[in-house]
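Order-wise, the sequence lines are chains A and B. Sequential numbering of the first sequence, starting at 1, is according to my numbering. Sequential numbering of the second sequence, starting at 1, is according to my numbering.
Rather than coming from a laboratory, the hints here were simulated on the basis of the structure. Note that the Cβ used here is the ideal one computed from N, Cα and C, for glycine as well. It is possible that part of the hints are untrue.
Heads up, incomplete: computed chain B residues facing chain A, CB under 8 Å, no partners named [claimed, not checked]:
(1) PRO72
(2) LEU79
(3) GLY99
(4) ARG103
Calculated from the model, a selection of chain A residues having no Cβ within reach of chain B, i.e. all distances over 10 Å [to be verified]:
(5) PHE114
(6) ALA116
(7) ASP206
Derived DSBU-like pairs (lysine-lysine); straight-line CA-CA distance at most 30 Å [unchecked claim]:
(8) B/LYS101 to A/LYS152
(9) B/LYS128 to B/LYS167
(10) B/LYS7 to A/LYS152
(11) A/LYS152 to B/LYS122
(12) B/LYS128 to A/LYS152
(13) A/LYS152 to B/LYS177
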Amino acid sequence: MVIAMVITFVFLVAPIIVAIMMSFDGRSYLGRFPPPSYSIQWYTNFFSDTYYLAGLRTSLVIAVITTLVSTAAGVSAAIVIDRYEFPGKQALETLFLSPLVVPAVVIGFALLLFFALIGVFQGYPRLLAGHIIITLPYTVRTTLAGLVGIRKSLTEAAMVLGANERQAFWDVTFPLARTGIVAGAVFAFAFSMDDVAVSLFLTSPDTYTLPVAMVSMMRTNFDLTIAAAAVVLMVFTVGLIFLLEWLIGLERLIGGGVFRS
Amino acid sequence: MPVLELKQVTKRFGDFTAVDEVSFSIEKGVILSLLGPSGCGKTTTLRMVAGFENPDEGQIIISGQDMQGQRPYERNVGLLFQDYALFPHMSVEQNIAYGLKRRGVDRTATNTRVEEMLELVKLSELRKRRPGLLSGGQQQRVALARALATNPEIVLLDEPLSALDAKLRQELRIELKQILSAVDATTIVVTHDQEEAMSLGDSVIVMNQGRIMQQGAPTDIYRKPKTKFVAAFIGRSNWFKGAVGETIDKGVCRFDTVSGLSLLVPTPDPVATTTSTNSQAYEVCVRPERININPNIESGNDNKTEAINRHAGTIRDVAHLGPDIHLLIELNSGDMLTASEQYHGQALEQSGEQVELSFRPEDCIIVPADS
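Work out the full structure: start from the sequences and follow the hints.
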C-alpha cells in the first residue's frame, strides 16, 4: 500500500507537478528545476501560436465527435451483448475489446494502409475512425458493467405497460445504466484527447491533433511551450472529470456503475 | 364472449416443445390458476399471452381479436412479475402512473387514477417512496397497483406470492383475492404452489410437460384427479400399486395390491379404460386426512354391511404440527402410510402402538398407472 503510494507519487504526481511548474518558468531558455521566477510567457506563446491552436481545435472537435459516436455505438453494442443470446456472441464481445490488446501503433499503421488502399487521404475521417476504434472498448465495457444489474423484467414491465422498445430504453434502461454510460463517455473523451500512437499515423499535413503537434514541436524547436500545451491538454481532461464529479459524483461514476436503489 | 381464448397454442424452443396444443378460455371476472411443476410450460403460456413470445402454432384471442404479431405494448394486459420489476429510480406514484403515461392518458385523469389505485392497495402514505425502501409485501402491492392502473383486459400474475415468507403469504393471498374481485379483474395466476392455485383460482388448470392435464374447480381437481400426475401433484397421498378385481357393489370394486392387501375402491372411470389398452394397470391413492385411526381394541362387533377398508398396523412416527398430527403407520402388509388427524386436545398416539386404519371406498382415488 505504502509502496504503491510512493511509486504513484514519484512517477506520476511528481512529474506532473514539475511540468506544471516549468510551464510557468520566467526564464526565456530551458533551465534547471525549480524555476527562479514565474511568468505566463509560455502560455502567451501557446495561445498565439497558430500551429498549436489548430492542433487544439482539431483535438477538441475529434474528441467530441469520437465521444458521441463511440458512446452511441458502444451502448448499442453493449445492449445487444447483454440482452440477446445469439451464436458468436462471445466472439463479438471479444472483437469489441480487441483494440485494448492490439498495440496502438499496429492499429494506426494498419488503418493508414487501409485508408490509402480505399483512397481516403483527409485527416479528419482517418483520425475519427482511429479514435472511435480505440475508444470503443471503454464505452462497451463500462456500459456492460452498468447494464449487468438491470433485470430483464424491468424492460418487459415497461413494455407490457405500453412502452415500445425505444421508450423502454429511455425510461428504464438508460437512467439505470447512466453512470456506466457516462463513465464510458468520459474515458472516450480522455483517450481521444490524449492519443498519440494512432493519431501519428493518421494526421495529414493540415489536420493534426494537439499531442501530435507537441511531438513534432519537440523534435524541431524544443521549448517550454510544450509544457504549457501539456497543461492545457490536462486541464481539458481533468476539467471534464471535475465537472462530472460536480454533476453526478465521481464515486458513483467509477465505483457505482450499477444503479443501487 | 370469453375475454381470453387460447386455441391449440404450441411453442417450441429448438427441439423442446414448451407448450403443446394448449387450449382454454376465460370469461370476464374469472380467476384461473395455471398450476404445474417448473418447466411445465405455464410461464411460457403466460409470456405468450403478454406478448413476449409468439406461438409457433395456434391462436391467442383477447376480446375477440387475434393477437398474432401484436407486441406487448399493443395489447392491454397487466402483468405482475415474480420479482415485481418495480422501476427503482421512480417513486411509488411514478411507478403506478407509468402505464397511464405511456398509454396517453392525460395528466388529471392519471392523477385521479393513481389516487384510486393507491387507495385500493392502501399505500397512500408511501406514494413518494422509492421501491427500494418498501417491504416485500408493500412492493407487491405497488406492482399490483401498477398492473391494474391501465384497466387491463386481462391480468397475469407470475408466482405472485413466491417471493414472500410463509406468514405474509397467507395474509397477502386473501388481500390479493379481495383486490382482484374489487376491480372484477379477469386473471391468470401462474404458480407451482398448489395452495396458491387452489385458494386464488375459481378454476384450476394443471399442466405438465407442456400439456393441460386437467381443468376444473379446485375441489374437483383435488377430489377427482383423472391422472396419477394430478393426484400426486395436488395434496399429499398414499399410493398402492395393484390390479383391479371383481365388482363388489354398484361403483365399488376390489383392488388387490402388490403388497397383498385387498382394498375396496371406486370402479375406474370407463372412459379412462377405453382410451387405454385392455390390460390397464391402475394405482390407488388415499389422502392422509381421509384415513381414520381407531385404537385396535374392538374388532368385528360393529356393522359390517357397510363397505369399508379396515387394516391393522403399527405407528412408526408421530409428528405434531400444531393444528394437525401426522402419523407414519406401517401396515401389517408392509405398506407405509401417512395419516393426518386434527388436534383437539386428545391424548397423542404413541410410536409402536397397534392401531386399526379405516377409510371408505369413495375416499380412494383410482387412476391409470402410467398417467
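Quiz item: Keeping to a limit of 30 Å between CA atoms, is the pair of B/LYS101 and A/LYS152 held or broken?
Solution: Cα-Cα ~21 Å, so holds.
Quiz prompt | Interface hint status, B/PRO72 versus chain A (Cβ within 8 Å) | solution = Since the shortest Cβ distance to chain A is 4 Å, the answer is holds.
Quiz item: Does the no-contact call for A/PHE114 survive, Cβ to all of chain B over 10 Å?
Solution: Fine: 40 Å to the nearest Cβ keeps A/PHE114 off the interface.
Quiz item: Between B/LYS7 and A/LYS152, does the CA-CA distance stay at or below 30 Å?
Solution: holds, 29 Å
Quiz item: Holds or violated: A/LYS152 with B/LYS177, Cα cutoff 30 Å?
Solution: The given pair, whose Cα atoms are some 28 Å apart, holds under the 30 Å limit.
Self-check item: Pairwise hint evaluation, A/LYS152 against B/LYS128, where the allowed Cα distance is 30 Å at most
Solution: holds, 25 Å
Quiz item: At a threshold of 8 Å, is the proposed contact between B/LEU79 and chain A supported by beta-carbon distances?
Solution: holds, 5 Å
Practice problem: Double-check B/GLY99 for me: the hint is only fine if its C-beta lies closer than 8 Å to a C-beta in chain A. | Solution: holds, 4 Å
Quiz item: If you draw a straight line from the CA of A/LYS152 to the CA of B/LYS122, is it 30 Å or shorter?
Solution: holds, 28 Å
Quiz item: Is the nearest Cβ of chain B still more than 10 Å from the Cβ of A/ALA116?
Solution: For A/ALA116, whose nearest Cβ neighbour in chain B is about 47 Å away, the distance exceeds 10 Å, so it holds.
Quiz prompt | Non-interface label on A/ASP206, tested against every C-beta of chain B at 10 Å | solution = holds, 47 Å
Quiz prompt | Proposed proximity, B/LYS167 with B/LYS128 (alpha carbon, max 30 Å) | solution = Holds. B/LYS128 to B/LYS167 sits at ~27 Å (cutoff 30 Å).
Of the numbered hints given earlier, the model fails none.
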